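J.: One letter stands for each residue in the lines below.
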Amino acid sequence: MTLIFSKQGAELYNVNGDPRAFHILASPYATPDKKAVLDFFTLLAVCHTVMPEFDPIKNKLKYQASSPDELALVEGALKMGFEFLERTASAVKIRLPTGELQAWEIFSEFPFDSTRKRMSLIVKRYGTEQYYIMTKGADSIMFPRLTIDSQTSAIVQDHLDKFAIEGLRTLVVAQKPLDANQVRDLLYCIENVKASNAPDKEDQLNALYDIYEKELALVGCTAIEDKLQEGVPETIATLMEAGIRIWVLTGDKQVFYMRDYVIIL
Amino acid sequence: MKNTKYVYGIAVYTGHNTKIMKNAKNPPSKVSGVLHRMNQILTTVFIFQALVNFTFAAASVGWTGKNASIHTYLHLNADVTFGNYIVQYLTFLVAYSHLIPISLYVALELLKLMQGTLMKWDQDMYYAPMDKYVNVKASDLVEEIGQVEMIFSDKTGTLTANEMEFKKCSINLKVYGENFNPDVNIIILR
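Residue numbers (the numbering used here), protein chains in the order written: chain S, 908 to 1172; chain A, 331 to 520.
Note that these hints are calculated values from the structure, not bench results.
None of the values given here were measured: they were computed from a predicted structure.
Treat the hints with care, as some may be off.
What the hints assert, rightly or not - From the structure, some residues in chain S lie toward chain A, with a derived Cβ separation under 7 Å:
id	residue
1	945
2	947
3	964
4	1071
5	1133
As the list claims (entries may be wrong) - From the derived model, a few chain A residues whose C-beta atoms are all more than 10 Å from chain S:
id	residue
6	369
7	370
8	469
9	485
10	489
11	491
12	494
13	497
14	498
What the hints assert, rightly or not - Chain A is nowhere near these chain S residues, computed Cβ spacing over 12 Å in every case:
id	residue
15	1003
16	1087
17	1107
18	1140
Here a beta-carbon is modelled for each residue, glycine too, at the ideal position from N, C-alpha and C.
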C-alpha cells in the first residue's frame, strides 16, 4: 500500500488520536466508508464563512472566523489534511489530502441566524456540472430536514446523545444534489426578493431557504469541545461542597461535561 | 422606506422613562446582614430607653412633689410642672445613655478590618501566576461572602476559554475520535 498523502506526517490525519479515519482515507479501495469520510471533510472545508489570512512572518495560513465553532470545524478538517486555502467572493479553494486542488463555486449562501440555527451553501465543484446544497446546523433543526430511515436515525441520534453527555457541542452536516434548473430558479427568486421593497423580505427569504433545505442526505455529525478554563471543575466542586448552589446559563445541550464531572442542568 | 409618502413616528420611553434616566439613580448602598440586624436591635433598645426615661421621669416628678418638703436638705424642685418633667426626662436620658452601645459599632468595624486583613493574607486565595493575593477593597461585606448560597454564571467565555476544538465525528454510522468515556461522575444540580 502506498501512502498517497503528500506533505504532512500520517499522525496529522488522526481525529484526536483515532487513526481509523486516516486508514480509511489511505485505503486504495473505493469503499463506502472512504467516500463518506471524503465527502464529510470536503463539506467541512467548503461549507463555512471562515476567512483565510496569510501570515507572511510565519509563512502559513491563519483563519479568521466570527464563530469559534466554525473555526474549530475548519481546523478539524485541516488536521485530516483537507486544507481550506483561499476564498474569493464566489469561490473557495481547498486541497485534499491527496494533494489535489479543488475549487468550489459558491452561488448562494443562506446565512446562519439564531432562529434558523443552520447555514447552507449552494455550490458546484469547478469543472463538474453537479450542483449541491451543503447545510450544517443544530441537530434539533436538521433532523426533520433529513431523508433518513428510522434505523439510521436511531444510531445517529445515539451518537449525538453520547457526544452531548460528554459535553460536546454537536452539529449535523448534510447535503443534497441539485440540478441546474433548481439553482437557476432559486437564484432568480432570491434576487427578486432582495430587490423588492416587501416589508417581510426576511420572512420571504427564510421561506425560500426552507424549500431548499429539505430532504437532505446526512453526511455526518461533528462534536466540538468548548474548552474549560483552568481550574473550573475544581472550583465548582469546591463551591458545591460548600453548599453553594450554582446556576449556569447556556444555550448548549442541557448536559455539561467538565472533565470528571457531568453537570446536568 | 424609500417608496413611502409619509412616516409615522412615535416616541416611547422618553424623559424620565429613558434607560439613562432610570439608571441615573444612585445604586442602593449595600448593608451587611449583621449590620442590618444590629440596627434593628438598637432601634428596639432606643424605644425601650425612651419608655424607661418616660416612666422614671414621671415617677420622679411625682415623688419629689410629695416628698421634697420632708427632705429639705436635698434642695429638690417640688414643682409639679411640665418644665420640671422635661428636666427630669433629660436627667434620666443622660443617666441611661450607656444603654446604647456606641462602642459596639467601633468594635464591629475593627473586627471587619481584621477579617479583611486575614483574607488578604489567605494563602488559599493566592494566585501564583500573577503573584496576587485577594484584594479587599471594602470591608463592609466581608462576613457576607461566607454566606453565599447561589452563584449565577454564564458559560461560554466565563467557565470556558471560548476555544473550540473539533473532537469527534460520526460519519456513515461510525464514530471517529477518542472513545466514549462512560466513567464520569454525574452531578445533578437541582
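J.: If a hint holds in the structure, say so; if it does not, say that too.
T.: Going through the hints against the structure:
no.: 1; hint: 945; verdict: 10 Å, violated
no.: 2; hint: 947; verdict: 5 Å, holds
no.: 3; hint: 964; verdict: 22 Å, violated
no.: 4; hint: 1071; verdict: 11 Å, violated
no.: 5; hint: 1133; verdict: 5 Å, holds
no.: 6; hint: 369; verdict: 27 Å, holds
no.: 7; hint: 370; verdict: 26 Å, holds
no.: 8; hint: 469; verdict: 21 Å, holds
no.: 9; hint: 485; verdict: 4 Å, violated
no.: 10; hint: 489; verdict: 5 Å, violated
no.: 11; hint: 491; verdict: 5 Å, violated
no.: 12; hint: 494; verdict: 4 Å, violated
no.: 13; hint: 497; verdict: 5 Å, violated
no.: 14; hint: 498; verdict: 4 Å, violated
no.: 15; hint: 1003; verdict: 16 Å, holds
no.: 16; hint: 1087; verdict: 28 Å, holds
no.: 17; hint: 1107; verdict: 15 Å, holds
no.: 18; hint: 1140; verdict: 9 Å, violated
Figure legend: structure checked against the earlier numbered hints; hints not met, in rising order: 1, 3, 4, 9, 10, 11, 12, 13, 14 and 18.
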